[in-house]
Amino acid sequence: MTDRDSRPEPAGTAALGPTLAAVAAGGVLGALARHALLGVLPPRDDAVDLATLLVNVTGCALIGVLMAVLARRPGAHPLLRPFLGVGVLGGYTTFSAAVTDATAAFAAHRPETALLSLAANLVGALAAVWVAGGAATALLDRAAARRGAA
Amino acid sequence: MNALLVALGAAVGAPLRYLVDRAVRTRFRSVFPWGTWCANTLGCLLAGALTALPLPAPATALLGTGLCGALTTYSTFGYETVGLLRGGDRRRALGNVAANLAAGLGAALLGAAVAGRLAG
Numbered sequence: 105m106t107d108r109d110s111r112p113e114p115a116g117t118a119a120l121g122p123t124l125a126a127v128a129a130g131g132v133l134g135a136l137a138r139h140a141l142l143g144v145l146p147p148r149d150d151a152v153d154l155a156t157l158l159v160n161v162t163g164c165a166l167i168g169v170l171m172a173v174l175a176r177r178p179g180a181h182p183l184l185r186p187f188l189g190v191g192v193l194g195g196y197t198t199f200s201a202a203v204t205d206a207t208a209a210f211a212a213h214r215p216e217t218a219l220l221s222l223a224a225n226l227v228g229a230l231a232a233v234w235v236a237g238g239a240a241t242a243l244l245d246r247a248a249a250r251r252g253a254a
Numbered sequence: 049m050n051a052l053l054v055a056l057g058a059a060v061g062a063p064l065r066y067l068v069d070r071a072v073r074t075r076f077r078s079v080f081p082w083g084t085w086c087a088n089t090l091g092c093l094l095a096g097a098l099t100a101l102p103l104p105a106p107a108t109a110l111l112g113t114g115l116c117g118a119l120t121t122y123s124t125f126g127y128e129t130v131g132l133l134r135g136g137d138r139r140r141a142l143g144n145v146a147a148n149l150a151a152g153l154g155a156a157l158l159g160a161a162v163a164g165r166l167a168g
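Here the protein sequences line up with chains A and B, keeping their order. In this text, residue positions in the first sequence follow the numbering used here: the first is 105, and each later residue adds one. In this text, residue positions in the second sequence follow the numbering used here: the first is 49, and each later residue adds one.
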């Protein structure tokens, strides 16, 4: 990634009202996708919550790709990042469910499930951002170089 | 029905996360992503409280899946942590992971303890 400052600056330069509306609309879509996945893969008491793990890993892969694309498109619509990044992906992924999955397992005297859940979410999420973001950046740079050479 | 409640909760949770992040950023100009940390910790406190209450499914959909799910984020947390790593700031990256996990777990346990006591 080219941006050394990891802090995404206050997402977008649009006015507060439209930004909040874009974040809310995106957040609803992301949360509904997560809710649908929870319906397909309902959490079990004796195992890691797979739906939460899946949304967190795929959501992290997608934000890696999104930020790589947006970094190369300075002219993108100012509401695109609030909508897709803060809204859709922020609403799709969840930190609280990953944490309460672990505390519930601890409370049920399954510390190994709790630790596995915490580790799987963390390692899966960071690896997904790293790999997907890196791959997207490499592909976009290669495409740009090819366009430049042509 | 539950999907509608999830949507309603998320329509509040996601903009609330944006506002928390924005407020923290303007007050503390730090390279450390405290804004996401605040939203995640706050969401875990509430989510922990919900686990200790005998709530019907619609309430869990609204407040748990919807509100807490959208108030907290793994994608921004992951992106910010990897950003610190790629920038060579391993210490802050590790600190961010430790701070989010420790505060999240602590807040969830605290929320559950307080809610459990209030519920009798």
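Some hints here could point you the wrong way.
Taking CB as the label site, the calculated pair distances span [as the list claims (entries may be wrong)]:
| no. | chain 1 | residue 1 | chain 2 | residue 2 | range |
| --- | --- | --- | --- | --- | --- |
| 1 | B | Val-162 | A | Arg-251 | 53 to 59 Å |
| 2 | A | Leu-243 | B | Leu-101 | 31 to 37 Å |
| 3 | B | Pro-106 | A | Gly-121 | 26 to 32 Å |
Please keep in mind that the hints were generated in silico from the structure rather than gathered at the bench. Idealized CB from N, CA, C, for every residue including glycine.
Any hints this thing doesn't respect? Which numbers, in order? Going through the list in order, the structure violates hint 2 alone and respects the others.
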